[in-house]
Amino acid sequence: MGNIKDYKIATLGSHTALQILKGAKDEGFSTICICEKGRERPYKSYGVCDEIIVIDSFKDYFKIEPELIKKNAIVIPHGSFVAYIGTDKVMDIKAMHYGTKAILDWESDRTKERQWLSAAKIRLPKVFKTPEEIDRPVIIKFHGAHGGKGYFLANSPKEFHERYESYKGKEGHERYAIQEYIVGVPVYTHYFYSRLTGELEVMGFDKRYESNADSIGRIAAKDQVEVGIRTTYTIVGNSPLVLRESLLPEIFEMGDRVVEASKEIVDGGLFGPFCLEGIIDPELNYYVFEISARIVAGTNPYIEGSPYTWLKYNEPMSTGRRLARDIKMAIEQDKLSAVLG
Amino acid sequence: MGNIKDYKIATLGSHTALQILKGAKDEGFSTICICEKGRERPYKSYGVCDEIIVIDSFKDYFKIEPELIKKNAIVIPHGSFVAYIGTDKVMDIKAMHYGTKAILDWESDRTKERQWLSAAKIRLPKVFKTPEEIDRPVIIKFHGAHGGKGYFLANSPKEFHERYESYKGKEGHERYAIQEYIVGVPVYTHYFYSRLTGELEVMGFDKRYESNADSIGRIAAKDQVEVGIRTTYTIVGNSPLVLRESLLPEIFEMGDRVVEASKEIVDGGLFGPFCLEGIIDPELNYYVFEISARIVAGTNPYIEGSPYTWLKYNEPMSTGRRLARDIKMAIEQDKLSAVLG
Amino acid sequence: MGNIKDYKIATLGSHTALQILKGAKDEGFSTICICEKGRERPYKSYGVCDEIIVIDSFKDYFKIEPELIKKNAIVIPHGSFVAYIGTDKVMDIKAMHYGTKAILDWESDRTKERQWLSAAKIRLPKVFKTPEEIDRPVIIKFHGAHGGKGYFLANSPKEFHERYESYKGKEGHERYAIQEYIVGVPVYTHYFYSRLTGELEVMGFDKRYESNADSIGRIAAKDQVEVGIRTTYTIVGNSPLVLRESLLPEIFEMGDRVVEASKEIVDGGLFGPFCLEGIIDPELNYYVFEISARIVAGTNPYIEGSPYTWLKYNEPMSTGRRLARDIKMAIEQDKLSAVLG
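Protein chains in written order, with this note's numbering: chain A, 1 to 341; chain B, 1 to 341; chain C, 1 to 341.
Keep in mind the hints are simulated off the structure, nothing from the lab. Among the hints, erroneous ones may be present.
Which copy is meant is left open, so a pair is good if it fits within one copy or across any two.
Claimed, not checked - Below, in silico cross-link-like pairs of lysine to aspartate or glutamate (EDC-like), each with a Cα-Cα straight-line distance of 20 Å or less:
hint : residue 1 : residue 2
1    : 158       : 174
2    : 121       : 109
3    : 222       : 162
4    : 141       : 290
5    : 129       : 174
6    : 112       : 180
7    : 170       : 113
8    : 312       : 27
9    : 44        : 253
10   : 170       : 256
Given the structure is predicted, the values throughout are model-derived calculations rather than measurements.
Please take these sequences and the hints and turn them into a complete structure.
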């Protein structure tokens with residue numbers, strides 16, 4: 001039987017590192033936090049790591065990777081990890097890596113992501129190829145440098161052409177995507193799928209706290225118009241949420257289908273934590289915009305467990321800890337390769 | 001002394017069943033979940049029930065009721081239970097039923113509900129009999145099939161007549177109610193009243209997460225108008241909330257008066273969990289729109305206890321568990337009839 | 001070694017008293033709650049106090065102070081305490097008082113507060129001396145009795161003059177302040193600094209629930225304009241929040257600088273709980289509007305600990321309990337004067 005004392009859990013100090021490292025320690029692991037210079041404070045203050053490796057920039061990850069390998073560390077990827085290393089470099093990781101590396105390519109490429117979710121029969125917002133097809137409220141998003149933050153709304157081909165008029169001929173506004181505009185509330189669903197238990201778990205839900213989207217509603221409509229406010233979506237934090245219980249059977253089935261479909265696209269398929277990100281409309285249809293194939297920051301409100309994990313576990317079970325337990329189980333069953341990829 | 005091993009706790013698999021069943025198990029009860037076919041997954045996954053009874057539709061409840069009676073099950077009603085069985089059928093329930101059946105008629109009939117809350121001196125939004133009486137912001141809601149989701153706002157008789165013009169003569173828009181429009185934040189207060197302890201407890205607070213009401217504020221005012229968005233109020237979930245502490249004395253007194261007034265309208269009065277649902281305005285007046293005379297889904301964020309129950313109990317105390325404890329106490333004191341009705 | 005049995009913890013029954021008293025009891029202290037007549041219920045119901053002293057009004061605090069002194073009680077100040085006693089009377093408190101009294105003068109005086117925060121290099125919204133300087137969105141707030149709730153927005157000197165026209169010559173609208181209008185989400189950061197450990201802790205975050213600011217976004221823009229709604233900011237409650245993890249290093253540094261700067265303005269500086277209250281904009285700049293140099297009601301969601309305190313402590317640690325532990329440590333190390341001021 002393998003011994004967890006022979007391994008260490010390591011991650012980059014950002015995103016969900018506090019939760020991952022705390023969860024690993026709670027499961028009995030020794031932990032390493034890789035921090036950018038001058039940004040170690042939270043990890044020291046909360047006492048979640050046994051060791052800190054300081055680097056100038058997360059982009060220098062590969063410089064210290066040999067050290068991780070020497071220490072027999074298992075690296076846990078998270079959103080910032082993928083963002084800093086670069087999706088194209090993920091396959092170059094030589095250290096032990098929790099989760100299926102190849103799946104990260106499918107979550108970061110919009111076309112592949114849509115293909116995966118479609119195969120899993122997930123409800124996606126409709127995409128319109130030409131303005132003439134518009135038959136419901138749509139959002140028009142511009143591609144390219146200048147248009148990155150630009151968008152407008154329309155209900156019909158006529159409205160499209162009227163409103164597009166003011167963008168016509170402007171640099172960065174030649175190319176656009178026309179997407180069905182779903183009006184409803186954002187819901188982020190946190191899943192965990194273990195290859196070892198063969199079980200899909202629903203860990204919880206959250207809603208994001210976005211600047212300024214989540215505060216412009218606090219400004220009276222009249223004042224908004226006067227100051228000319230446009231919506232932006234910078235994530236600042238997350239808030240806890242529970243879902244209407246009658247939606248749970250569908251939530252489980254959506255997760256099952258995503259895991260099932262993943263097996264067709266990458267060898268071995270998806271496992272560990274993942275998240276479906278979407279909108280639930282007034283008819284209770286859940287439209288999914290995006291999938292994250294790794295732990296999401298929306299699990300951070302639940303460091304001491306979510307209302308859902310407390311149903312299943314008689315101890316605090318964050319997603320970070322659940323993940324560490326998966327690794328622990330693999331080590332103790334001599335199946336470590338089942339959680340690496 | 002009665003023994004809880006001679007009883008089982010049963011409920012329909014929806015609404016607050018996870019919390020009710022978990023709470024019952026934590027108190028030592030054996031539990032039964034009645035599930036609609038194909039919708040058992042959450043109850044199995046979270047491990048909250050010892051037994052599952054599958055039926056085609058919750059409407060078939062009475063078909064399996066003999067089985068529940070045979071198993072000596074105590075049925076816990078919740079929102080979905082009442083909705084599926086039908087308020088008119090509640091009195092036909094033959095199985096042991098936690099709570100006062102007759103009170104459910106008073107919460108589901110708008111006129112009776114208003115009568116009850118008025119008797120309890122709860123602050124209610126004013127109702128206007130004719131448009132000519134309008135002297136403040138009002139909301140006009142249509143009755144009937146087509147008008148179910150329709151409403152408009154007005155500040156004066158003049159505005160009323162101007163805006164009603166566009167609905168005039170349209171089917172389903174002949175009848176309407178004119179209600180004072182309270183501008184303030186929604187607050188749902190969770191109470192528990194035990195006949196055995198004689199004590200009223202404030203278990204916590206929540207706010208609902210409604211589609212699309214809780215997201216249209218994320219859309220800039222200008223864009224809202226362009227796409228022609230109207231507010232809808234489908235409940236998708238719930239979020240935790242604590243209330244300004246200086247409001248608590250009044251919150252307790254409101255609960256006391258509701259319990260007191262209930263004794264005048266039904267034999268034995270209200271007991272167990274209930275909820276006042278309303279709006280707190282900028283002058284801190286709490287206007288109540290509705291009462292739920294049973295457990296509400298707003299308690300679901302607190303499966304491991306709310307900030308308020310943690311003050312009182314040195315263990316996790318959800319409303320579902322509190323309710324199971326009430327039954328346990330009744331059984332062990334040989335007063336079971338005190339919690340049935 | 002001092003013995004905590006020789007002391008009692010006392011506070012006024014409002015604001016954060018439930019948390020303070022529960023925390024004190026958890027640390028082993030005997031507690032006293034000073035309640036206004038008829039408002040004792042919550043403190044009795046939740047069982048957080050060993051003794052209740054009833055007074056007609058919190059303004060009568062000084063009448064019962066000799067009793068507190070006789071009982072060797074340490075008084076814990078909170079927002080309502082300061083509001084009722086009056087900032088000018090705080091220095092007259094003769095009972096043992098947790099925290100630096102003199103600092104309260106700096107948090108309640110807008111000019112001094114700005115001076116303190118500037119010295120700490122905290123990012124503040126710009127203040128414009130004349131309308132002619134306006135070069136970005138600004139909010140114009142009126143001083144004085146009638147104008148207390150009034151404000152308007154402008155983008156330029158021209159807009160200022162156009163909109164001010166309707167207020168001109170009206171009583172209470174002669175004097176106004178012009179402040180940069182930061183569009184972003186409100187974030188309240190809870191700190192704790194202990195003189196005994198020399199450590200600054202980040203205890204958590206919250207967002208307020210304000211009537212009607214947090215509900216007008218639920219009203220469609222068109223309807224808002226029709227009913228003529230203006231934003232108000234009455235605090236009704238608080239909701240839990242976690243912050244994007246990559247912001248934490250800066251959050252710690254902001255707290256350090258505020259503590260450091262406080263040593264220059266009052267003898268011994270600030271210690272115990274404090275809170276920075278501000279807005280995080282879409283570029284993730286944290287603008288601070290206000291500092292509270294004592295426990296804030298935003299910590300009330302965390303009576304059983306916050307996601308952050310659960311990282312550091314293996315037991316529930318509210319801010320109220322942390323504060324009691326600070327006192328306990330001081331007593332047991334015979335350094336009580338280090339936590340009084």
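A quick look at each hint next to the structure:
In this assembly of identical chains, the alpha carbons of residue 158 and residue 174 lie at most 20 Å apart only when taken from the same copy (18 Å versus 34 Å across copies). For the identical chains of this complex, residue 121 and residue 109 are intra-copy neighbours only, at 18 Å inside a copy versus 41 Å across copies, given an alpha-carbon limit of 20 Å. Only between protomers do residue 222 and residue 162 lie at most 20 Å apart by alpha-carbon distance; the minimum there is 15 Å, versus 23 Å within a single protomer. In this assembly of identical chains, residue 141 and residue 290 lie within 20 Å of each other by CA distance solely inside one copy; the values are 16 Å within and 37 Å between copies.
Taking the shortest Cα distances, residue 129 and residue 174 sit within 20 Å of each other inside one copy (14 Å), while across copies they are farther apart (43 Å). When the C-alpha separation of residue 112 and residue 180 is checked against a cutoff of 20 Å, the pair qualifies only within one copy, where the shortest distance is 19 Å, while the shortest distance between copies is 44 Å. Taking CA atoms no more than 20 Å apart as the test, residue 170 paired with residue 113 passes in neither setting, with 30 Å inside one copy and 46 Å between copies. Proximity of residue 312 to residue 27 under the C-alpha cut-off of 20 Å is found in both arrangements, the shortest distances being 17 Å within a copy and 16 Å between copies.
Taking the shortest alpha-carbon separations for residue 44 and residue 253, only the inter-copy value of 14 Å comes in at or below 20 Å, while the best intra-copy value is 40 Å. Within a single copy, residue 170 and residue 256 get their C-alpha atoms no closer than 45 Å, and across copies no closer than 47 Å, so neither meets the 20 Å cut-off.
Figure legend: structure checked against the earlier numbered hints; hints not met, in rising order: 7 and 10.
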